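Chemist: In case you want the letters, here they are:
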Amino acid sequence: MRTRHPFTLLTLAAALPTLAWLLPAPAGALGTAAVAFGLATAAGVRRVLVPAVVTAAPFWLFLFVLHDLPTTLAIGLRITTMVAGFVWLAAVLAPDRLVEAMVARGWSVTVAYVFAATLSAVPLFRARARRIVEAQRCRGLSPRGSVAKRLRALRALALPLLLSALHEVDERALALETRGLRSGARRTPLAPPPDPALERAARWALLLVCIAALVGRLV
Amino acid sequence: MPVRLLALIPVAVAISLALSAAVEAVALPLFLDTTGTILATALAGPSVGVAVGVLTSAVNTLRNPTFWPFVVIQIIVALYAGLAARAGLFRGLRTAVPAGLGLGVIASLTSTPISYFLFGCTTTGGIALTTALGRALGLPPLGACFFGSFVSDFGDKAVTFALVTSVLHALPRRTAARFPLALRAIGAA
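For the protein sequence lines, the chains are A and B, in the order given. Per the working numbering, residue 456 is the first one in the first sequence, and the count goes up by one each step. Per the working numbering, residue 1284 is the first one in the second sequence, and the count goes up by one each step.
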């Protein structure tokens, strides 16, 4: 599945939960959940299927606590489809291939930059946040006690992260300006992912199935 | 869009998602997942805030797919923060905290139908538990769901507004002046 065009993977991941909510419950959601689990199993039992099951399990627990059995089954299968589908998508969709596909399709390079920069910035800032927490603890900051004390500790932990992030905006802006990035600029993709006619047809077919399910639900 | 505002978007999204480490350290029942959206709006206006909000939801969806339908809340937060910034409500904690509490009420009112009809109020463990508490107190299902959303959103948005106000005031004026709305948001222009 990794070799499929990124738009095909995105369409499939979007169509599964859409159909789970539109098709009659619980049979429709059972079918979409089975497809999502099939995809997750094919992508790797330990790497994709197990995380999907672990992510979906708490929802079932809370649904059993809050609702009767038919409602639990209907909502639980829909949420399971959504969870398994997106865990599968996160495992098989390479961000760099998606950016290349977007650029090849004529999207502005600024949109591609924002998408790629966000995906790379998140782990970077998470690591920085953990370093700040450890550094403040070394300086004797205690994150325990009354709510007011914890809020003061939160300010001491969050402020350095936010201020350093805003100072970094200047550095990033300078780097982008020196590379000639401006709104509406187009770039030539280096290695655009192949998009066979069969996959394009499959994407349109999925869209039509979703529209048919919506019409069937409304009529 | 100017390059500086373009560079702000991924940084603001990362801020929203990275703050969970600080929240875990102090063990408070907060999300702070709209911090980047509110900060970007206060600095650069609602259009940048909406972009940050939508991207934050998209990245959060890869971690927990039930976040995606709540993208509507991120957009409402950006629009509300834009109005608050234009009114200069980030000038101090006395104006920012009530504005945050107001946003908490709006956010919980908006998120309740999404949470109830799509997910049966099971979006996060905390909300599910407070919803169960609401049911145990005798509230009807939708009322219990609102109770769960309200408990989680009310304080969270007030703390987020207070945090953003602290950041805007801690920024050097020269840095703040590089963003179109920052000085107006803190009542300095």
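Treat the hints as calculated values from the structure; they're not laboratory data. There's no promise every hint is true.
[Stated by the list, open to error] With beta-carbon atoms standing in for the labels, derived distance ranges:
id, chain 1, residue 1, chain 2, residue 2, range
1, B, Gly1426, A, Arg501, 19 to 29 Å
2, B, Pro1396, A, Val508, 22 to 32 Å
3, A, Pro479, B, Ser1303, 34 to 44 Å
4, B, Pro1424, A, Arg637, 25 to 35 Å
5, B, Pro1396, A, Leu673, 31 to 41 Å
6, B, Val1388, A, Leu673, 10 to 20 Å
7, B, Arg1369, A, Leu614, 17 to 27 Å
8, A, Pro513, B, Pro1396, 17 to 27 Å
9, B, His1452, A, Cys593, 41 to 51 Å
10, B, Gly1426, A, Leu579, 52 to 62 Å
11, B, Gly1470, A, Asp625, 37 to 47 Å
12, A, Leu673, B, Pro1424, 17 to 27 Å
13, B, Ser1303, A, Arg642, 32 to 42 Å
This one's a predicted model, so the numbers in the text were calculated from it and none came from an experiment. The C-beta atom is built at its ideal place from N, Cα and C for all residues, glycine as well.
Chemist: Indicate, hint by hint, whether the structure satisfies it.
Modeler: Comparing the hints with the structure gives:
One distance hint, 19 to 29 Å for the beta-carbon pair Gly1426 (chain B) and Arg501 (chain A), is violated here, with the actual separation near 42 Å. Evaluation of the 22 to 32 Å hint for Pro1396 (chain B) and Val508 (chain A) yields a pass: the beta carbon distance comes to about 29 Å. Roughly 38 Å separates the CB atoms of Pro479 (chain A) and Ser1303 (chain B), a value that falls within the hinted 34 to 44 Å. The supplied range of 25 to 35 Å is broken by Pro1424 (chain B) and Arg637 (chain A), whose beta-carbon atoms lie about 52 Å from each other.
A hinted range of 31 to 41 Å for the beta carbons of Pro1396 (chain B) and Leu673 (chain A) is inconsistent with their spacing of about 19 Å. At about 33 Å, the beta-carbon gap between Val1388 (chain B) and Leu673 (chain A) misses the expected band of 10 to 20 Å. Look at Arg1369 (chain B) against Leu614 (chain A): about 24 Å separates their beta carbons, and that is inside 17 to 27 Å. The hinted window of 17 to 27 Å between Pro513 (chain A) and Pro1396 (chain B) holds, with their beta carbons roughly 22 Å apart.
His1452 (chain B) and Cys593 (chain A) have their C-beta atoms about 27 Å apart, which leaves the hinted 41 to 51 Å range violated. Here the CB-CB span from Gly1426 (chain B) to Leu579 (chain A) is close to 42 Å, at odds with the stated 52 to 62 Å. The hint said 37 to 47 Å for the Cβ distance between Gly1470 (chain B) and Asp625 (chain A), and at roughly 24 Å that hint is violated. A hinted range of 17 to 27 Å for the beta carbons of Leu673 (chain A) and Pro1424 (chain B) is consistent with their spacing of about 25 Å.
The hinted range of 32 to 42 Å is satisfied by Ser1303 (chain B) and Arg642 (chain A), whose Cβ atoms lie roughly 34 Å apart.
This entry does not satisfy hints 1, 4, 5, 6, 9, 10, 11, going by the numbered hints stated previously.
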